[in-house]
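Numbering-wise, the working numbering puts 128 at position 128 of the sequence shown, and it's gapless, one number per residue.
Derived from the structure by calculation, the hints contain no laboratory data.
Among these hints, one or two may not hold up.
Pair ranges (Cβ atoms, derived) [unchecked claim]: (1) 87 with 111: 28 to 36 Å; (2) 101 with 30: 31 to 39 Å; (3) 38 with 3: 14 to 22 Å; (4) 61 with 11: 18 to 26 Å; (5) 36 with 3: 23 to 31 Å.
25 Å max Cα-Cα, derived DMTMM-like pairs, lysine to aspartate or glutamate [as the list claims (entries may be wrong)]: (6) 108 with 9; (7) 20 with 41; (8) 20 with 110; (9) 119 with 9; (10) 119 with 54; (11) 108 with 54; (12) 108 with 41; (13) 20 with 9; (14) 119 with 11; (15) 119 with 45; (16) 108 with 47; (17) 20 with 111; (18) 108 with 17; (19) 108 with 45.
The beta carbon of each residue, even a glycine, is placed where N, CA and C say it ideally should be.
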Amino acid sequence: MTLPPIAVDFESRSALDLGKVGASVYAAHPSTSIICVVFVDAETDEEFVWRPGERIPRIAHQTGRQWLAHNAGFDMGIWHRHFDARLPPLSQWECNAVRMSINGYPRKLDEASIAILGKPAKDKAEAAALTPMMKVKA
1 MTLPPIAVDF ESRSALDLGK VGASVYAAHP STSIICVVFV DAETDEEFVW RPGERIPRIA
61 HQTGRQWLAH NAGFDMGIWH RHFDARLPPL SQWECNAVRM SINGYPRKLD EASIAILGKP
121 AKDKAEAAAL TPMMKVKA
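All chains should be modelled from the sequences, with the hints used to inform the complete structure.
Set out below in structure tokens:
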């Protein structure tokens with residue numbers, strides 16, 4: 001039985017412009033720091049927020065669960081640069097932006113929200129309503 005995924009969202013800041021330099025350069029730059037990381041357990045809808053100086057939530061150490069992120073390349077780069085590069089392995093990351101694209105929706109979350117919901121998502125909870133739409137069509 002496959003365990004439900006863990007949704008992950010990083011908020012960061014840097015002297016660099018992510019759109020100009022790309023995720024790898026941005027993540028590796030010394031000025032890049034993490035503001036917070038939000039983990040959401042898709043099984044329980046429980047949300048865990050990590051901020052610098054705190055212990056990483058135990059959910060982040062669970063093995064065998066997929067990690068879902070919108071633009072996962074960015075989130076993987078930040079996680080591997082600033083946390084434990086061994087966890088989770090590359091095979092356990094999934095990208096919601098790619099799922100959107102495969103299904104013919106815009107890759108940008110705000111644009112996908114308009115395409116699917118008919119309006120911009122007002123918050124993270126409403127954006128989470130897009131998750132069923134991100135499943136790859138058979």
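Hints versus structure:
| no. | hint | result |
| --- | --- | --- |
| 1 | 87 with 111: 28 to 36 Å | holds, 32 Å |
| 2 | 101 with 30: 31 to 39 Å | holds, 32 Å |
| 3 | 38 with 3: 14 to 22 Å | holds, 19 Å |
| 4 | 61 with 11: 18 to 26 Å | holds, 21 Å |
| 5 | 36 with 3: 23 to 31 Å | holds, 24 Å |
| 6 | 108 with 9 | holds, 14 Å |
| 7 | 20 with 41 | violated, 32 Å |
| 8 | 20 with 110 | holds, 20 Å |
| 9 | 119 with 9 | holds, 21 Å |
| 10 | 119 with 54 | violated, 36 Å |
| 11 | 108 with 54 | violated, 30 Å |
| 12 | 108 with 41 | holds, 23 Å |
| 13 | 20 with 9 | holds, 21 Å |
| 14 | 119 with 11 | holds, 23 Å |
| 15 | 119 with 45 | holds, 23 Å |
| 16 | 108 with 47 | holds, 23 Å |
| 17 | 20 with 111 | holds, 20 Å |
| 18 | 108 with 17 | holds, 17 Å |
| 19 | 108 with 45 | holds, 23 Å |
Hint check: violations occur at hints 7, 10 and 11; the rest are consistent with the structure.
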